[in-house]
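One line per chain: the protein sequences are Z and L, in this order. Quick note on our numbering: the first sequence kicks off at 1 and runs consecutively. Quick note on our numbering: the second sequence kicks off at 354 and runs consecutively.
Hints are supplied without guarantee of correctness; some may be wrong.
Now the stretches of chain L that chain Z is said to cover, found in silico as 3 or more residues with beta-carbon under 8 Å [as the list claims (entries may be wrong)]: (1) 392-399; (2) 506-516; (3) 522-531; (4) 716-727.
Hint data in this document are derived by calculation from the structure and do not stem from the laboratory. The beta-carbon is built from N, C-alpha and C at its ideal position, and this holds for glycine as well.
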Amino acid sequence: MNPYLAVAALVVVCGVVFLLPLIPALAELKRQEDGLPLKVIQEHAGEIRYFADGFRNYIKTLEPTLQECLASGRTAKGTMPDGAEYLVLGRSEEALSLPLQQRDEICPMVLATGGDLILPSATTFSRDIYAGGGLVGGIENRYRAILGDKDVQLGRGSRVMRWVHAVGEFRADEGCRLYGRISSDSAIRLRAGCSFLRLNAPQIETGSAAPTTDQGNRSLSRPLNSPRMLYDHDFQIGAGKEFAGNLVVRGTLRVGAGARVWGSVKSSAELIIERDVLVSGSLISATRMRIGQGCTIFGPVIAERELEMEAGTRCGSPERPTTVSAPSIKSEEGVAVFGTLWAREHGQVVEKI
Amino acid sequence: MIYVLYSIVSIICVYTARHYWFTLNRLFGFQRHPYIDIDTADWPPVTVLVAAHNEEKVIANILSALMTVKYPGDKMLVVPVNDRSTDRTREIVDEFVERFPGRIRPFHRVTGKGGKAAALKDAMEMVETEVILIFDADYIPGSGLIKQLAAPFFDPEVGGVMGRVVPLNCGTNLLTRLLDLERSGGYQVDQQARMNLLLVPQHGGTVAGVRLSALREIGGWNDRTLTEDTDLTYRLLLHGWKTVYQNRSECYEEVPETWQVRIKQIMRWAKGHNQAMVTYGLQLLFGQHRATLRERLDGALLLGVYIMAPFTMVGWVLALAVFYQGVAPLHGVLAILGVTAYATVGNMAAFFEIAAAVRLDGNCKRIRLLPFLILGFTVSIFAVSWAAFSQVKDALTGAEFHWDKTERYRKAAS
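Here chain Z stands alone, though its shape is the one from the complex (with noise of 0.2 Å):
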C-alpha cells in the first residue's frame, strides 16, 4: 500500500472519529432545539395558594351556572373549555344521592357548588371540587383537590392527593391523610392520627386541646443582631436560666426545663428542648430537634432530619407568624403553630410521643 495514501487515510479516519461526537452538538447548535434559557420561577415562588388561586380562575366560567342552580335549586352537567365534565349541584345534600350512591364509586366530573356541600363516605373525587359555603365530607374518602369559600371539613380517615384551601376553617378527623398542600385563610385543626406534609394557616392545631400558655407578645422580637456565641463541643443552658445573644453549639445542645433564651438558638448535632422553654428567636439543628411540653418559640423551627412537638408548644404568634419544617415531624396534640407546618417527607399527628 502506498505509505502516503496509508498516512492520508488514517489522518481521514482518525477525523471521522474525533468529528463523529460533533454531530449532535452541531444539530443542536444549529436547531437551537433546547436554546432557552433554564426555566427559573419567577412567578408564584412557591406560593402555597398557587393552585387554589388557578383553580378558582378556571371555574370562573361556572359563575352564572352555580347561581342559577343554587337559586332553582337543580341540577347542571357540561363540559369546561378544556374538555373536563362538570356537575354543578344545587342542594347541599344532592351529592349524598345523585348520582354517587354506592361504595367505592367514582366521581370523575369537576364538582361544584355555590352553596354548602355534603358529601357522601368511601367515595373517590378523581376531579376538583368547589363550595362556595361549607363542604363537609364523608369518611374514608379520597380527593384530588377542595376549594371551600366557607369550612371544609373531612370525615375520618379521608385522603386528600394534591391541595384543599378553605376560606375558613379547616378540619380532617382522625387518621386522615393530607398528602399535598392544605391552606387556609383562617384555621387548620388536625386530629390524632391525621399525617401531612404542608399546611399554611394564621393558626394551625393539633388534636382538640389547643396549648393554653400564651407567653407571646412583640416585645419578645429580638433582633438578628444579637451577639453570637459559638462553641465547638456539646452545651448546655441550665433549667430556669436566662441566656442573652444567638447560641451556635457544633455539639447536642441541651436547654433545661423553664429556661429563657433571648436570640436564637443553633445546634449542628441534636438539639434538646425540655419543658417550658421559651425562645425569642429561631431554634435550628442540623440533624434532630426534640421540642418538650408547653415550650414558646417565636421563630422559625428547623430541623434537618427529624423534628418532635410534645403537648402545649406553641410556635409563632398571631403577630408573628413562623414556619416549622422538617424533613420528618411528630407533633403530639396539643401543639399549636402560627404560619406554616411543612414536613418535607412525612409529619404525623399523634396521641403521645
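Got chain Z sorted already, so can you dock chain L onto it with the hints?
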C-alpha cells in the same frame, strides 16, 4: 523532574476524584435545602445593594424587578450603588427614586477607588440592617428571591448566602451555550454538593447576602482584592461563619457573548482567586480558627482551582520532556495503565459533572453540546495560565491590578 510530574498528576487525580464525589453526591446523596421551606416569618429588615458602574442598559430592569418582589415593603430598602458611572445610570436611578419614594435610596459615588469591593465598602454608610443582599445590575430577581435569600439568616451561624445564577442569554451563540453548561455544572452540582457535604459553598458576590455583624467582625469589604466574593468566603470561614448555598434561589444574569470579554472575565476571576489562595491558603490549612477539618481541606482545594491550569500545562511539558528523555515513569507498565485509566475515567470527570447537572435541570437536549466544552476548557486553561503568569510578573514589577467591567448586551430599557 519525574517527581514534580508525579506531584502534579497526584493533585490532578485529587481534583478528578473530587468531581466524581460531588457528582455522585448530587445524584444519589442526601440533599440539603434547610432554609428554603421558610415561607412564613417575621421577616427581618434588609438592604439590597445593587452594584452599578455604567449600567444604563440594565439598571432599569433590576430596579423594576426589585419593586415587585414579595417582601414587606417597609422592611426592604434598595440602594443602587452607582459607582462613578459616566452614562445615564444616575439619571435612570433618580427616576426610580421619584417613582418609588422611600423604597430606593441611591448611593451616587463620584470619586474613589475603582472596583466593586471599594464601591460596596463606601456604600456601607447607607446600611443599617443586619441582612444585606447584593446584586450586580445585570441580574433580574424573581418575586420570591428576596425572602429566599433572607431566610438563611434566621440561622445564627450563617454569615453569607449564595443563590444560583442562570444565564438569560444562553441561546445567543456557541460561547453563551457553553457558559450555560459550565454554570449548570458549577451551581447545580459543585455548589450544591458542597452544601450537602458540609464543605465550603462559595459566596459569589451577587444573588447573595451577608450578615452585617459578620461583615463587621471580619473587617468589612476588602477593596484590595479583585474578587471580593472569594475573599469574603474565606474570611467568613476563618471566623466561624457559614456560607450557605440555596440552589433553588435562582436568578437570571447575562453571560459574556464574545470570547474577548469571556477571557477578560475569567482572567480577573483567576487573579482574584489566586490572590485569595496566597492570602488565606496556609492560614486555612494550618492556622488556628473555627473551620472544621473537611472545610479546611475543601477550602484549600477550592482555592487551588485556578492555579491548576498552569500546573496542568507544566505537567504536559514535563510529560513530553520525560518522554523524550527516555525515562519510563513507574516502570513503564504502571504508567501505561495509569494513563489509560485516566484517559478513560479522569478526563471524563468534568464532563460527567456537567452532564449530570444538565440532567438534574431537566434540559436533556443541551447535553449534545458537551463535546464543544473542550473548546471552552482549552481557552480557559490558556487564559487562566496567562493570568497566573501575568500576576507573578505584576507582583515582581509592582504593577497594580485594574478592574475590567464586564460588557452588557441587553438593549437599554426605554
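Verification of the hints:
Note: the stretch 392-399 of chain L has 5 residues with beta-carbon separation from chain Z under 8 Å; the three-residue rule is met and the coverage holds. Counting residues of the stretch 506-516 of chain L whose beta carbon lies closer than 8 Å to any beta carbon of chain Z gives 5, which meets the minimum of three for the stated coverage. With 5 residues bearing a CB less than 8 Å from a CB of chain Z, the stretch 522-531 of chain L meets the requirement of three and the coverage assertion stands. With 9 residues having a Cβ less than 8 Å from any Cβ of chain Z, the stretch 716-727 of chain L passes the three-residue criterion, so the hint holds.
Hint violations for this structure: none, all hints satisfied.
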